[in-house]
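In the order they appear, the protein sequences are chains A and B.
This note's numbering puts the first residue of the first sequence at 902, with every later residue one more than the last.
This note's numbering puts the first residue of the second sequence at 902, with every later residue one more than the last.
These are computed hints drawn from the structure, not numbers from a lab.
Among the hints, erroneous ones may be present.
Since the list can't tell identical chains apart, any single copy or any two copies may satisfy a pair.
As the list claims (entries may be wrong) - The calculated DSSO-like cross-link candidates involving lysine-lysine, where the alpha carbons are at most 30 angstroms apart (straight line), are: (1) 1303 / 1018; (2) 1213 / 1303; (3) 1183 / 1142; (4) 1183 / 1102; (5) 1062 / 1348; (6) 1320 / 1303; (7) 1320 / 1062; (8) 1387 / 1058; (9) 1018 / 1142; (10) 1102 / 1079; (11) 1142 / 1387; (12) 1387 / 1079; (13) 1351 / 1079; (14) 1079 / 1348; (15) 1079 / 1018; (16) 941 / 1303; (17) 1102 / 1351; (18) 1058 / 1213; (19) 1213 / 1387; (20) 1320 / 1102; (21) 1142 / 1303; (22) 1348 / 941.
Here the structure is a predicted model, which means the values were calculated and not measured.
Each chain, written out:
Number of protein chains: 2
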Amino acid sequence: MARKAAIIGGGVIGGGWAARFLLNGWDVAVFDPDPQAERKIGEVMANARAALPALSDVPMPAEGRITFCGTLTEAVEGADYIQESVSERLDLKHRVFAQIQQASHGVPIGSSTSGFKPSELQENAADPSVIFVAHPFNPVYLLPLAEVVPSARSDAKVIEKAKEILREIGMFPLHVRKEIDAHIADRFLEAVWREALWLVKDGVATTEEIDEAIRMGFGLRWGQMGLFETYRIAGGEAGMKHFLAQFGPCLTWPWTKLMDVPEFNDELVDLIAGQSDAQSGKYSIRELERIRDQNLIGFMRALKDRNWGAGKVLLEHDERRRATFHDAGAAATGAPLVLANMQVLPGWIDYNGHMTESRYLFAASETSDAFLRLIGAGMDYVAAGHSYYTAETHIMHLGEAKLGDRLTGTLQVLGVDEKRIHAFIRIQRGDTVVASLEQMFLHVDMKVGKACPAAPEVLARLNPIAQAHAGLPRPDAAGRHVGQRK
Amino acid sequence: MARKAAIIGGGVIGGGWAARFLLNGWDVAVFDPDPQAERKIGEVMANARAALPALSDVPMPAEGRITFCGTLTEAVEGADYIQESVSERLDLKHRVFAQIQQASHGVPIGSSTSGFKPSELQENAADPSVIFVAHPFNPVYLLPLAEVVPSARSDAKVIEKAKEILREIGMFPLHVRKEIDAHIADRFLEAVWREALWLVKDGVATTEEIDEAIRMGFGLRWGQMGLFETYRIAGGEAGMKHFLAQFGPCLTWPWTKLMDVPEFNDELVDLIAGQSDAQSGKYSIRELERIRDQNLIGFMRALKDRNWGAGKVLLEHDERRRATFHDAGAAATGAPLVLANMQVLPGWIDYNGHMTESRYLFAASETSDAFLRLIGAGMDYVAAGHSYYTAETHIMHLGEAKLGDRLTGTLQVLGVDEKRIHAFIRIQRGDTVVASLEQMFLHVDMKVGKACPAAPEVLARLNPIAQAHAGLPRPDAAGRHVGQRK
């Protein structure tokens, strides 16, 4: 049965939380007295559906159900996790917690607050031990960071449970060990913001020039390594201490205006707003959101390919979810074996709107890998020193797989001997074959790098399948060379 | 004839400049009295060769020649551009400029200084009008940003010329209109650095926690949109002024400790160095550099796919070079075209420790996509409704590509007609072909889903290449079917 998340307070942040829970298979109950709440959350949800699944290489679970509740009580009843994202007013948050805690007991209550410390949130609460900060970053359905800030009054077990829930919805919970205004990340943003305001006010740089100074330089670095790791590298062979010795003295130079806060008056506001319009006004906000999300997907998939940073978080999330699927067992029947099931994911689509070429071969690999596992030649066998390698592949690109298509991979054995498997794989959408791949696999002793007979127990599983398939019609495409007349 | 860049002062920054010029086809003359200069620059060059070409979808020009000169005079004689990257000491820089200007007149002299204003650099110079700041970001051979800061004494034509040169080597020159300590970007880094030091000193966060707070959240955003554009989106429908109205008041909250500078003593240095070792010590600096570079390539290619930010800079650079590639008739040589460069990434490796099957097809797609762009059948052409589809592929899996291998994709045209391209792609590690892919592409009218002749302007680029390749030996593997006797 799906678990339930209660989202108290909508908008961009509450909507982002709702989307992340929902798309990870949780039921979501929303309470927000704003009559526009359902519309606003719907817009965030649309953005999220267009983006979050593109991070995944495992089919998404079925979406949960989302309900917009008439009362806060209804929203939190039976919830396994509660996230508060109302306006940044302490008195309002206190009232909300009081209401929540009349209907819910022992359930973690995370607050999206950027400004208040957990001890402030916990003041006068019926049960302070379950209230903590869980501060996300926009867009909440894409960026993994959630700063989790307990206080001395927090129940450590509740905090650990909250962190585990956040991991289960694909986030990276950063446990902030000492509560402090604005937690960690926003303190840096605040510092940069002040400096940027001075530069705009003093006419040194426009909003656009400031933004380019960020995204064409250190901004690119900070998506993959933070401040200290970057400087460690800069210290080079001489090391971090050398870097610090060089850099430390700069602190006393009059580089920043950080001693003062610029006066935030109408003149400054108009200046910034005007420059921002000139810089970004050619796109609507919705367009900018979609552009941002696609860029972030690109970055995060790049890190996923490299098993680094936010990409590592994605891989772990896939792994956790993959474990809940069970591979269908296959028997040696007189039909091609259905060995793989997959869904064409947003990240598999090229600029033509179709599945990229290489994904067909990926789909075939999923199919042949499943076949090798079936005959006992999977990872453990490989670890012992022998493996079936693909020697040759012939692909017929017959049709187009589109976003969302459910595909199966089937395998027909064309022929075997003690060293080789000659196979015909079909990637199908229902009965339509979108691609076929004829492949020759060669069994190799990996230590000496030479072909050799497969183990008797593997051949004992392989041969009956080959015999069962011997009566199947030979595919027309088998034996083709490129450009052969049809 | 290749142009000449003089690099005065080596190290990570000078070496990065040398690499960027060299790999973009300039001759480079280096002067640095450090006996280790050639070795250190060699290491930067090795990193750059492993990284910079991976950003390109146009064959790289021939590398320039690099010379390590015995005197500064020899380095700057005949140079078209001079970049100074000596230590951050004003008296030293003044001496260097004086020496340069005895041997060079009218040539732009950019300084990599992060700390000095151009007017300070120009003090007592023989010709101040050609001296300016050109401040890059590490790694200089990858990150596009160069802050170009003139002073009131600068010659505007020299500044424009310098900016054009920087664009020609693939950079994004940001013209800083008013000189100021640390220019623009480093002012932000300094602000964050101070805040981070306080957090470490006060035990609120370790170096690792700070770095995760950056790279799991806003760091990812800042690689594609800067501060103001991000906040514009956050302001949503209500707009920037609404966002500012909400955010402005926060400035008076006691969020930052920026009023003070933490004392930079041995104790703090040891604390930071120790935490940094714990965080990052499992990798050597060289390993971290390579990881960083591959991550940055991933980000920048993701932006390139989306024609955004730093990716737009790369596309414009390719476009500029493609024009000279055609003019030089380089496409009509009698050799297979080297069209793609890539490195086998951690995410491409299967349980055998080798590159997964589907990645060979991915590598081939990168190669054929680059070919299609070369003949004018890239994204814009596809957007207008026609596209070359892959109809059939035959893969010979010949060798194993391993983690870290640098691969090139070459394409040999076997035959063409008005609707088809018959191509032979080799994926190579150096001279060793690890996989070959024979492919038939079919030109299709996407609206009606039928094959049709390609546009005349595409055929006009395709046919000369086909003719130039007609004399190449036909690959043995062409025309094979699976299981054919060798």
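Worksheet item: Which numbered hints turn out to be false for this structure?
Response: 1, 5, 7, 8, 11, 12, 13, 14, 17, 19, 20, 21, 22
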